[in-house]
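Participant: Here is what each chain is made of, one letter per residue.
4 protein chains.
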Amino acid sequence: MATPSVHDELATFAAERDWPQFHTPENLAKSISIEAAELLELFQWSPDADEHRVQDELADVLTYAYLLAARLGKHPDDIVRTKLEKTREKYPVEKSRGNATKYDQL
Amino acid sequence: MATPSVHDELATFAAERDWPQFHTPENLAKSISIEAAELLELFQWSPDADEHRVQDELADVLTYAYLLAARLGKHPDDIVRTKLEKTREKYPVEKSRGNATKYDQL
Amino acid sequence: MATPSVHDELATFAAERDWPQFHTPENLAKSISIEAAELLELFQWSPDADEHRVQDELADVLTYAYLLAARLGKHPDDIVRTKLEKTREKYPVEKSRGNATKYDQL
Amino acid sequence: MATPSVHDELATFAAERDWPQFHTPENLAKSISIEAAELLELFQWSPDADEHRVQDELADVLTYAYLLAARLGKHPDDIVRTKLEKTREKYPVEKSRGNATKYDQL
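Keeping their order, the protein sequence lines are chains C, G, Z and X.
Heads up: the first sequence is residues 585 to 690, going by the working numbering.
Heads up: the second sequence is residues 585 to 690, going by the working numbering.
Heads up: the third sequence is residues 585 to 690, going by the working numbering.
Heads up: the fourth sequence is residues 585 to 690, going by the working numbering.
This is chain C alone, in the form it adopts within the complex (with noise of 0.2 angstroms):
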């Protein structure tokens, strides 16, 4: 039998505890933010933070990511892939190249 993917396993733990409910696009957007706070604060005051703490808040944003990912009828993977071609026209290699000003503002 098939190892069921991460995306399954997700919709599987959610419908369990019949959170789907509370999953709303507005509340999923909600907590991606709170989490990717969560995994700033490791950085408030330093630079540096611990790799494992990285991990676990990391994980809390992308778990809220791939459900949200879900609720569009998306894989991760593509909505990725589907920006990253805009991107690629939007900040040709030529201009782009080292320059962080331009990386904010071509």
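Keep in mind that the hints were calculated from the coordinates and are not lab data.
Bear in mind the structure is a predicted one, so any value in this text is a computation, not a measurement.
Mixed in with the good hints, there may be bad ones.
It does not matter which identical chain is meant; a pair holds if it fits inside one copy or across any two.
Calculated lysine-lysine pairs in the DSS-like style (CA-CA distance at most 30 angstroms, straight line) [as the list claims (entries may be wrong)]:
| no. | residue 1 | residue 2 |
| --- | --- | --- |
| 1 | K674 | K658 |
| 2 | K679 | K667 |
| 3 | K658 | K670 |
The hints should help you fit chains G, Z and X onto chain C, whose structure is shown.
Facilitator: Relative to chain C, chains G, Z and X alone:
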């Protein structure tokens, strides 16, 4: 020839532009928070938002989250799975079912 | 005639545009996070940022924070003062001096 | 003797703990985002939240916002007022009244 994974594509995209120097864990953590807020902005005054714009902003969150996972030498799916194991123990089905209050403060 | 306070000015500004209907506590909380991220964006790739842009983004954070304080029927200064009393007890001078680690986890 | 302003109190509080070294504009910007998300967390699964907890989290946002204003050598009220002048021009009453869509994208 095998299709490159989205992770390989992102790494190539950044390397071609000499951007990995900017992709420190701290800068990626800031970037995830910034993009999470752009996603949240779609819901600033209403619980509903255009699906295409949601996908577009979610893509940016996922992109930086994938880049940070790569900095940790991990696949995002593995990071989510590892955390899900912990969360399963923290929120047993019988205690959490359909309960938003407990969802928060079990 | 007395100069109106900035709080009166904000209230008038919103009322003239019939915006208080949008200024629920939840929407203001979202707005504060969104504007905080726009401020953070100035520091996305560098620890330095243009002072005028910092002031401009900080203004938006403060504006929504003032509007939320007004929703609570409180003056922002009193909210800060009340919390400062608690924080003083939590971080006694002798334990916290010059200590970033303790700053976080005393 | 005059009562010290809340800004003087905050400055004294930080100086006594030797904390101004941590209060760079970048760290304060991160801190504002982090505290804004703790405020948002009160509304993660519901549009309603306990007023005392809202006040408590708003206090932290305001505190870091006041500290950043001090770093810019400005009074928070003046920062809000300066921006309000600009916003008044950007959102004329007749175009913005009761209009959430325009509120966003006039």
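Participant: Could you run down the list of hints and mark each one as holding or not?
Facilitator: Status of each hint after checking the structure:
1. Both within a single protomer and between protomers do K674 and K658 lie at most 30 angstroms apart by alpha-carbon distance, with minima of 23 angstroms and 28 angstroms respectively.
2. In the homo-oligomer, the alpha carbons of K679 and K667 lie at most 30 angstroms apart inside one protomer (19 angstroms), although the nearest pairing across protomers, at 34 angstroms, exceeds that limit.
3. With identical chains, the CA atoms of K658 and K670 are at most 30 angstroms apart both within one copy (17 angstroms) and between copies (26 angstroms).
Hint violations for this structure: none, all hints satisfied.
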